[in-house]
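The chain contents come next:
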Amino acid sequence: MSITTITFHEFLDSAKQFVQKSEKIGDGWTLKEDKTDNLKTYLRKDAFVQCQDENMNHLLKVEYVIFYNLSYGVPSFSFNAWNSTGTLVTLDDIRKMSFIQINEKDFYSVITQQEHPIFQKPYFIMHPCHTETLLAAFKNKTKNIIVTFLGLITPLIRLNLPLEYGL
Amino acid sequence: MGDDKQASDVQSDLSQATESLKIESEQKDNGDSSKGDNKVKIDILLKATGNAPIMKKKKWAVDAEKPIGWIMEFVKKYLKLEPNEKLFLYVNQTFAPSPDQLVKNLYECFGTDGKLVLHYCKSQAWG
Numbered sequence: 001m002s003i004t005t006i007t008f009h010e011f012l013d014s015a016k017q018f019v020q021k022s023e024k025i026g027d028g029w030t031l032k033e034d035k036t037d038n039l040k041t042y043l044r045k046d047a048f049v050q051c052q053d054e055n056m057n058h059l060l061k062v063e064y065v066i067f068y069n070l071s072y073g074v075p076s077f078s079f080n081a082w083n084s085t086g087t088l089v090t091l092d093d094i095r096k097m098s099f100i101q102i103n104e105k106d107f108y109s110v111i112t113q114q115e116h117p118i119f120q121k122p123y124f125i126m127h128p129c130h131t132e133t134l135l136a137a138f139k140n141k142t143k144n145i146i147v148t149f150l151g152l153i154t155p156l157i158r159l160n161l162p163l164e165y166g167l
Numbered sequence: 001m002g003d004d005k006q007a008s009d010v011q012s013d014l015s016q017a018t019e020s021l022k023i024e025s026e027q028k029d030n031g032d033s034s035k036g037d038n039k040v041k042i043d044i045l046l047k048a049t050g051n052a053p054i055m056k057k058k059k060w061a062v063d064a065e066k067p068i069g070w071i072m073e074f075v076k077k078y079l080k081l082e083p084n085e086k087l088f089l090y091v092n093q094t095f096a097p098s099p100d101q102l103v104k105n106l107y108e109c110f111g112t113d114g115k116l117v118l119h120y121c122k123s124q125a126w127g
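Here the protein sequences line up with chains C and S, keeping their order. Residue numbering for the first sequence follows UniProt numbering, starting at 1 and increasing by one per position. Residue numbering for the second sequence follows UniProt numbering, starting at 1 and increasing by one per position.
Do not take every clue at face value.
Said to hold, decoys possible - As a list, the in silico PhoX-like pairs of lysine-lysine whose alpha-carbon atoms are at most 20 Å apart:
#, chain 1, residue 1, chain 2, residue 2
1, S, K80, S, K57
2, S, K115, S, K57
3, C, K21, C, K141
4, C, K16, C, K45
5, S, K77, S, K56
6, C, K139, S, K47
7, S, K47, C, K141
8, C, K16, C, K139
9, C, K143, S, K47
Hints in this document: simulated from the structure, not taken from any laboratory. Every value quoted in this text rests on a predicted model; they were computed, and no experiment measured them.
Could you build the full structure based on these sequences and the hints that come with them?
So this is what it looks like as structure tokens:
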């Protein structure tokens, strides 16, 4: 059996390439490198998301963070969202913003609020346990594993991934 | 004199012809809006990756205005996936477009040889 996990260096190379592309198209992703502890290097993007709903119609400030998960050997996705009063948006509101119809049980089995391994603050983090099998299908074919990885997330979270990343 | 008459005849013929063309195109327009079977179709090629089952029919013509999410639902039904199984569609084996993205746009960006190649993979769960 071939190894399907991603090494930290593969992650870092992809991340650098991803940021270059992002800069070219002005998408706003930045790479934050930690010189003392390399494994704490992460990708970050701040964005405003307009959401329209019957009970919600406001602008949210969202912070997306992609970091390397050492235990699972895959990239991991985490985020936080605040509304205009500065209150943290609840997980259920995020579920309602999702592109797909997903029930609470399924959604909560994918995303939970937990202590962020890099920031030691509460963040919504996607569980990394199935990421490996999904990425394995594309690992040696993809041009950029971060882009492939983000593709797994976009149906769930309102994350705008411009078409240019695929070119 | 005779020549003049001929020329004017030809002209009237031409103007009649353009008029009939106009009527034809108008009828076509009407047909488009009422029947809706003259829509632009785009050829897509669906390829399996990972542990996803293959499809007997790989090539499909899809309405250009349909979103990717619609194709996802279609493939799910075609492969008879369980409701809890997730399906992902990728272009260039790298990029997964968001479900509200239109087939038309993707074809413009990623289409090759007159068709759009989409790779699909499935999973039991996210995360």
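Please verify whether K77 (chain S) and K56 (chain S) have alpha carbons no more than 20 Å apart. 14 Å, holds
Restraint status (C-alpha distance of K143 (chain C) to K47 (chain S) at most 20 Å): 18 Å, holds
Does K141 (chain C) sit within 20 Å of K21 (chain C), going by the straight-line distance between their CA atoms? Status holds; Cα separation ~18 Å.
For a C-alpha distance cap of 20 Å, please report whether K80 (chain S) and K57 (chain S) respect it. It holds: about 14 Å lies between the C-alpha atoms, which stays within 20 Å.
If you draw a straight line from the CA of K16 (chain C) to the CA of K139 (chain C), is it 20 Å or shorter? The hint holds at about 17 Å.
For the pair we were handed, K115 (chain S) and K57 (chain S), check the Cα-Cα distance against 20 Å. 15 Å, holds
Sort out whether K45 (chain C) lies within 20 Å of K16 (chain C), counting only the CA atoms. 14 Å, holds
Between K139 (chain C) and K47 (chain S), is the straight-line Cα distance small enough, at 20 Å or below? 16 Å, holds
Holds or violated: K47 (chain S) and K141 (chain C), Cα atoms, limit 20 Å. Holds - the C-alpha atoms of K141 (chain C) and K47 (chain S) are around 14 Å apart, at most 20 Å.
The structure shown violates none of the earlier numbered hints.
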